[in-house]
Amino acid sequence: MQRTFKDLIREARSRITEVTCEELGGQLGVPSAVVLDVREADETRSCMLPDAIGLPRGVVERNIAEHVPNKDTPVVVYSASGERSALVCDALQQLGYANVKSLAGGIERWRHLGLTVAGNVAACRIPGAKLDWGDVRREFAIVGRHVPVLGSGERPLVYLDHAASTHAPHTVLAAFVEFMERGFGNGSQVLGFAAWHVEVDVAQHLR
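Mapping of the sequence shown onto numbering that gives the first Met the number 0: residues 0 to 206, in sequence order.
Don't take each hint at face value.
Derived SDA-like pairs (lysine to any residue); straight-line CA-CA distance at most 25 Å [said to hold, decoys possible]: (1) 100 <-> 71; (2) 70 <-> 26; (3) 5 <-> 49; (4) 70 <-> 5; (5) 5 <-> 71.
Keep in mind the hints are simulated off the structure, nothing from the lab.
Please work from the sequences and hints to get the whole structure.
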């Protein structure tokens, strides 16, 4: 049977040591370990752990010595969910690094716990927590996210998140009440009035 990516992760984790977000969170600010972010550059734009060094997974083995020349230096590696970081830790151990750990759960769990990040991004709340519409809009910024666009050259494209570009319930209700009070009675007026409110809301949001 052929091995899968999950098999490789499981095997790597059997050979490495993991550190929890809670444990690392209590150590930040104390100059005891080098923290490596092995996500891709587009993943690190929004936020990173404080004082982390960005070193994408694909170049770790080649460039690690530039950042961590002493192989006895404590190193904590993290990725999005802790999978790539497990592979990196396994590779670093094979290169002779004696004190490397992978962050269990990665930066996704770190943010769910509300721990400190460096960058202009709101911390994710624990699933199930109640959010008001303002919270939703803060969590899904209208700008600052990128998706790859393939063509003559790959380039970032800013896009609008659904939640950021959708009207809050109270906005829709207020528009409907105003419409009814004015006595508008046909479909074209409804569409025109709604479109006007869309333009006003988006314009205000983009200021």
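Hints, one by one, checked against the model:
1. This hinted pair checks out: residue 100 and residue 71 have alpha carbons roughly 12 Å apart, not beyond 25 Å.
2. Of the supplied pair hints, the one linking residue 70 and residue 26 holds, its CA atoms being roughly 20 Å apart against a limit of 25 Å.
3. Between the alpha carbons of residue 5 and residue 49 the distance comes to roughly 29 Å, so the proposed pair goes past 25 Å and is violated.
4. Restraint check for residue 70 and residue 5: not satisfied, since their Cα atoms lie roughly 28 Å apart, outside the 25 Å limit.
5. For the proposed pair residue 5 and residue 71, the alpha carbon gap of about 29 Å is over 25 Å, so the pair is violated.
The structure fails to meet hints 3, 4, 5 from the earlier list, while all remaining hints are met.
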